[in-house]
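K.L.:
So the chains spell out like this:
Number of protein chains: 2
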Amino acid sequence: MGRQVIIDWAQLLLDIQRHAVKQISRGISLVENEAPGYEQLLLSLPANHTTRIIGVTGPPGAGKSTLVDALIGAVSSDGKKVCVLCVDPSSPFNLGALLGDRIRMSEWYNDPNVFIRSLATRGSLGGLHPKIIEITELMKAAAFDFIIVETVGVGQSEIEIAGLADVTVVVMVPEAGDEVQTMKAGLMEIADIFVVNKADRPDADQFVKNLRLMLAPAFNNHQREVPVLKTIASQKQGIAELYAAIISLLTASHDDSKRAWLLTERAYHLVQQKRMKGIRKEVLQQSILEQLRANQFNLYKFVEGL
Amino acid sequence: MGRQVIIDWAQLLLDIQRHAVKQISRGISLVENEAPGYEQLLLSLPANHTTRIIGVTGPPGAGKSTLVDALIGAVSSDGKKVCVLCVDPSSPFNLGALLGDRIRMSEWYNDPNVFIRSLATRGSLGGLHPKIIEITELMKAAAFDFIIVETVGVGQSEIEIAGLADVTVVVMVPEAGDEVQTMKAGLMEIADIFVVNKADRPDADQFVKNLRLMLAPAFNNHQREVPVLKTIASQKQGIAELYAAIISLLTASHDDSKRAWLLTERAYHLVQQKRMKGIRKEVLQQSILEQLRANQFNLYKFVEGL
Chain A
1 MGRQVIIDWA
11 QLLLDIQRHA
21 VKQISRGISL
31 VENEAPGYEQ
41 LLLSLPANHT
51 TRIIGVTGPP
61 GAGKSTLVDA
71 LIGAVSSDGK
81 KVCVLCVDPS
91 SPFNLGALLG
101 DRIRMSEWYN
111 DPNVFIRSLA
121 TRGSLGGLHP
131 KIIEITELMK
141 AAAFDFIIVE
151 TVGVGQSEIE
161 IAGLADVTVV
171 VMVPEAGDEV
181 QTMKAGLMEI
191 ADIFVVNKAD
201 RPDADQFVKN
211 LRLMLAPAFN
221 NHQREVPVLK
231 TIASQKQGIA
241 ELYAAIISLL
251 TASHDDSKRA
261 WLLTERAYHL
271 VQQKRMKGIR
281 KEVLQQSILE
291 QLRANQFNLY
301 KFVEGL
Chain B
307 MGRQVIIDWA
317 QLLLDIQRHA
327 VKQISRGISL
337 VENEAPGYEQ
347 LLLSLPANHT
357 TRIIGVTGPP
367 GAGKSTLVDA
377 LIGAVSSDGK
387 KVCVLCVDPS
397 SPFNLGALLG
407 DRIRMSEWYN
417 DPNVFIRSLA
427 TRGSLGGLHP
437 KIIEITELMK
447 AAAFDFIIVE
457 TVGVGQSEIE
467 IAGLADVTVV
477 VMVPEAGDEV
487 QTMKAGLMEI
497 ADIFVVNKAD
507 RPDADQFVKN
517 LRLMLAPAFN
527 NHQREVPVLK
537 TIASQKQGIA
547 ELYAAIISLL
557 TASHDDSKRA
567 WLLTERAYHL
577 VQQKRMKGIR
587 KEVLQQSILE
597 QLRANQFNLY
607 KFVEGL
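Sequence lines, in order, name chains A and B.
Sequential numbering of the first sequence, starting at 1, is according to the working numbering.
Sequential numbering of the second sequence, starting at 307, is according to the working numbering.
Bear in mind the hints are in silico, worked out from the structure with no lab data behind them.
Sample of chain A residues with no beta-carbon within 10 angstroms of chain B, all distances over it, derived:
hint, residue
1, Leu12
2, Ala143
3, Asp145
4, Glu175
5, Gln206
6, Leu213
7, Ile247
According to the in silico footprint, chain B covers these stretches of chain A (three or more CB under 8 angstroms from chain B):
hint, stretch
8, 38-45
9, 292-301
Okay, derived cross-link-like pairs now, PhoX-like style, lysine-lysine, Cα gap no bigger than 25 angstroms in a straight line:
hint, chain 1, residue 1, chain 2, residue 2
10, A, Lys277, B, Lys607
11, A, Lys301, A, Lys274
12, A, Lys301, B, Lys564
13, A, Lys301, B, Lys583
14, A, Lys140, A, Lys81
15, A, Lys236, A, Lys198
16, A, Lys258, B, Lys587
17, B, Lys583, A, Lys274
18, A, Lys274, B, Lys607
19, A, Lys131, A, Lys22
20, A, Lys281, B, Lys437
21, B, Lys437, B, Lys587
22, B, Lys564, A, Lys281
23, B, Lys583, A, Lys281
24, B, Lys515, B, Lys536
25, B, Lys580, A, Lys281
All residues carry an ideal CB built from backbone N, CA and C; glycine is no exception.
Please model the entire structure based on the sequences and the hints provided.
P.N.:
Here you go:
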């Protein structure tokens, strides 16, 4: 009993809603660790239709972190509150990311509009983060204007970020023209805005040109034109334009259907967890083994009894 | 109603049990197609602890089909009944396999001890065949002495065949010595018997030597020595020795634990299907979308109501 901490979930939610940074941080940790009773907190979250989620993704080395840092500056200068969630699914123990996170935290430490958190994926495979939906829902309660989710664009995480974010920004760096052709199709599909970062590189203009060619409606499924913007994030160049493009897209339309798809997948998974509670594979296996040895096993009879 | 066929499942099982070839074939088709009521048939299957399953796998081009054909001859000469299930997970529409199947069918057409069936995987990814357990259980009811499951060794199907078969035979062909080193670890792990087919190739002996070296207990997890046999299946050479080795392993021990593991996975999946009945993603998605638009959505409240 000594280690049992009684959590006042209602009070925690109130603290989060009044934007108490320490409690916001604690809330994320409790959800991440599935602290007993955390479902209560999630059940009590009010619906929120005003916070907007910006996804930032792209291949490793594209300068996503620097770009997000510059974007934070633009958002904060605009007087808006922003929460940044950094997810790196490629490395469960990414010390570099943790270190970078500390440096970034200290940069924004005194800015009450900015909250940054790295999420360790703990070896979860193929997705963005096992609790990313829950954590973004929690952050919405904290009345942020924007939540930026920053992640490396690899495989399944792309599909998820497209479902999670209201606007998805794909960041690339100029490369030899023919490499654009081999760009991962997934990144192409999900981009609402393309950013060519490090645009002072000599081949940047050719790269942008090739990108625009590939993005022509004839070659892909995009309903509308996808903006291609040039930035030099390390010098804050092009950031105001990027922020304006994001705001413009967010204002122009709000499409809940992508998000509904993602939430459906999650809801289905949660219902499955709920309904399979009490079914433990070790127990099944033991009793199957016993029945096999007794020459009494019939798979369908066995399942019928469960 | 005109197209509705009333199936007498009890009669079908009786026909299968008295080894009526046409009804065996029909039973497989009904299970494959999940004909309404097929669960009844599966529920009524008697437990059977005498039929043994022989898995034959290996890379494409190793001569698995020729080897299985030769093995059929050995089994049939021994007066035993054998069912051969050919699964090719790599090609849902493998016309070559179908054609080969017809040729093989005609070869054994007049042998009442031999039943051969190709199973189309219909694009199921990563596994052996979506109904392979059910079909082997059905074949056990038909009182075969052996069921040979022949499949290309690729990925997930290896794990499944190891769970399904009482003895797993991995077939290889002689290759340059250093290629053995890159042999898929999965095939190495699951082999109870190694067959080096086309053993009249010049580098066969070196290959066998390398294989035995790799199979030394120091290098792997095998509890007992794994026999490495040479065959020239097209000339029926080494087949009697292979059959003897299989019988010897089947007699020496009977381990249900691998099979219990596979059956547990399948049972869990079936329970999941049963408990999720009535939960349709399209319906969830529609109602999530409506609630999102009405700004009323809370994931956890939503799931609580299901």
